[in-house]
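Engineer: Residue strings, one per chain:
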Amino acid sequence: MPAPVIVARDLVKKYQDFAAVDGISFEVASGESFGLLGPNGAGKSTTMRMVGAVSTRTSGELGILGLDPDVHGPEIRSQLGVVPQSDNLDTELRVRENLLVYGRYFGLPRKLVAQRADELLAFAQLEGKEKARVDALSGGMKRRLTIARALINDPRILLLDEPTTGLDPQARHILWDRLFRLKEQGTTLLLTTHYMDEAEQLCDRLVVVDKGTIMAEGSPAELIRAHSTREVLEVRFGSDHNAEVGARLARAQGADGHRVEVLPDRVLIYSDNGEAELVKITEAGLRPVTSLVRRSSLEDVFLRLTGRSLVE
Amino acid sequence: MNVTTGQSTDAARAIAAGRRSRRWGAWYVTEHRLRMMRTYTGTVVIAGIGSPLLYLYALGVGLATIVDANMGPDAVDGVSYLVFVAPALLATAAITVASEEFTYPIMLGYKWNPTFTGAAASPIRPVQIVDGVVYSVIIRMLVNLVLFYALMVLFGAAPSPVGFLGIVASLLGGLAFGTVIMGYTSTLQEDTGQLAMVQRFIVLPMSLFSGTFFPLAVFPIYLQWIGWISPLWHATELARVFSYGYAEPIWLTLVHVAYLVALIVIGWAWSRRIAVRRLNS
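These protein sequences, in sequence, are chains A and B.
Numbering of the first sequence is given in this note's numbering, commencing with residue 1 and proceeding in unit increments.
Numbering of the second sequence is given in this note's numbering, commencing with residue 1001 and proceeding in unit increments.
A portion of the hints provided could be inaccurate.
Short derived list, chain A residues pointing at chain B, Cβ under 10 angstroms [to be verified]:
| hint | residue |
| --- | --- |
| 1 | Val5 |
| 2 | Glu61 |
| 3 | Gly63 |
| 4 | Val71 |
| 5 | Gly73 |
| 6 | Leu89 |
| 7 | Leu100 |
| 8 | Leu121 |
| 9 | Arg156 |
| 10 | Ala250 |
| 11 | Pro264 |
In short, the hints are calculated from the structure, not lab data.
Where a beta carbon is used, it is the ideal one built from N, C-alpha and C, also for glycine.
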């Protein structure tokens, strides 16, 4: 197994008394795609900033490519590509100029930067936009330009902090496709997200983070297997009856050994055979307004681990 | 196992790749800033030529006619009013550039268009961002001051052969004021009118009470302190020494230089400190 490119041990970041990150440990191997999944305020971005060598840790150990960010910040950052949560492109410059000035920050020769800028604009599907104003780009295009900028130094590790938050579904899919290509080329990806479909699409392995600590770790499939069932039955009884019927179901299904989650708008029943559960419910004389049998997702894992839903 | 062996090929490659930015990072920031300034080159050049022309005509020719007619050709300080006022206008031009470049663009870089945050994610260190910004403003200031000085020569307003040293004096004045203002602006999380206040209640009074249009000694002593703490006054007096050999004790000349350099050191260090705190927390 190749040496890990990121090693975090008992990583802590405190702001005054508040611990944004409270003892996180994980390792990321070269070429791996690793995710931090959790709700807003879980400590994902703070972890990213420490890995990105722009935030100093309060305690714990952190090694990026075998170097300590407290000592070798610039050296570590020379090997990273960073896609921050909100774009910080220079809106006073044109699209291509953004790549040119950023490439120079890495001490790369102008000629090489110019050549890479053109390649990356093609990769980011921004041909023909070279001279456009940044403000004139759509949200998805700005995001792709930010990714192109993050790749200008041919980074060993790409850090993506909520790469698709705020994008429409089509823009998200284009972005996922680009990230998937990078993954295929062997770029190590570290990404945070609160979208489970994103984590399932892009991550080889992930940790579920809540309140600054790791709740679980594994591949998406492993996590689902360990913390959920194969299928989930979702039934709705209308807002007035949901809680009451839900409680009844919880007693009945609980006796069968199935887990039941009563959410404000729907009831979730965890089972390896969703259809069979639905039959049992209707046989018991209950008439759900709608019902849906689906595969378990990371959302269910999160719900199981924290008792709360991921996107609130 | 130690998490930071520092010996792998990865580490060696990182250390090699970081070398150039560690050394030249500030200049890469300067490159970026100059490229941004290029988007308003027209303004820089027009303001650089237009505003001295306006001032030199209005004060050096217009107002000077009245002053010289009433007080003779050696009206103030033993020289014509044009020669007296021109070095002060040169120093004021530096202050104007400083008040433009060290206020809103700094707020922009930290907050509105956070290019400083972007740069801090690259190998560039926060202190290099501050240095790079200062270098770029020095370059812009020099362009403006050289244009201004050339016009002064055309107007016959710079009799001494070492008058060009007034450019250096003005540069020091602009930076002394500018770096301190940069430090202040860096501390702002939000602009709720503070930057406009700087213009109105610092820059404007400073230009009126710094011996710009008439000697500071004209004021009663209880107003003269404004001049003494004003970087513009020190820069103006220094520029006058070079421009027409304004006679002052040598120790005072040294005080001007020392005061301006001290402000630059303090303002620059303050700005660097806040940059580290804001970008590397």
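Engineer: Now, for every hint given, state plainly whether the structure supports it.
Structural biologist: Verification of the hints:
1. Val5: With a closest approach of 7 angstroms, the Val5(A) hint holds.
2. Glu61: 5 angstroms, holds
3. Gly63: 3 angstroms, holds
4. Val71: 8 angstroms, holds
5. Gly73: 7 angstroms, holds
6. Leu89: 7 angstroms, holds
7. Leu100: 8 angstroms, holds
8. Leu121: 18 angstroms, violated
9. Arg156: 7 angstroms, holds
10. Ala250: This interface hint is violated because 45 angstroms lies over the 10 angstroms limit.
11. Pro264: 37 angstroms, violated
When held up to the earlier numbered hints, the structure conflicts with 8, 10, 11 and fits the remainder.
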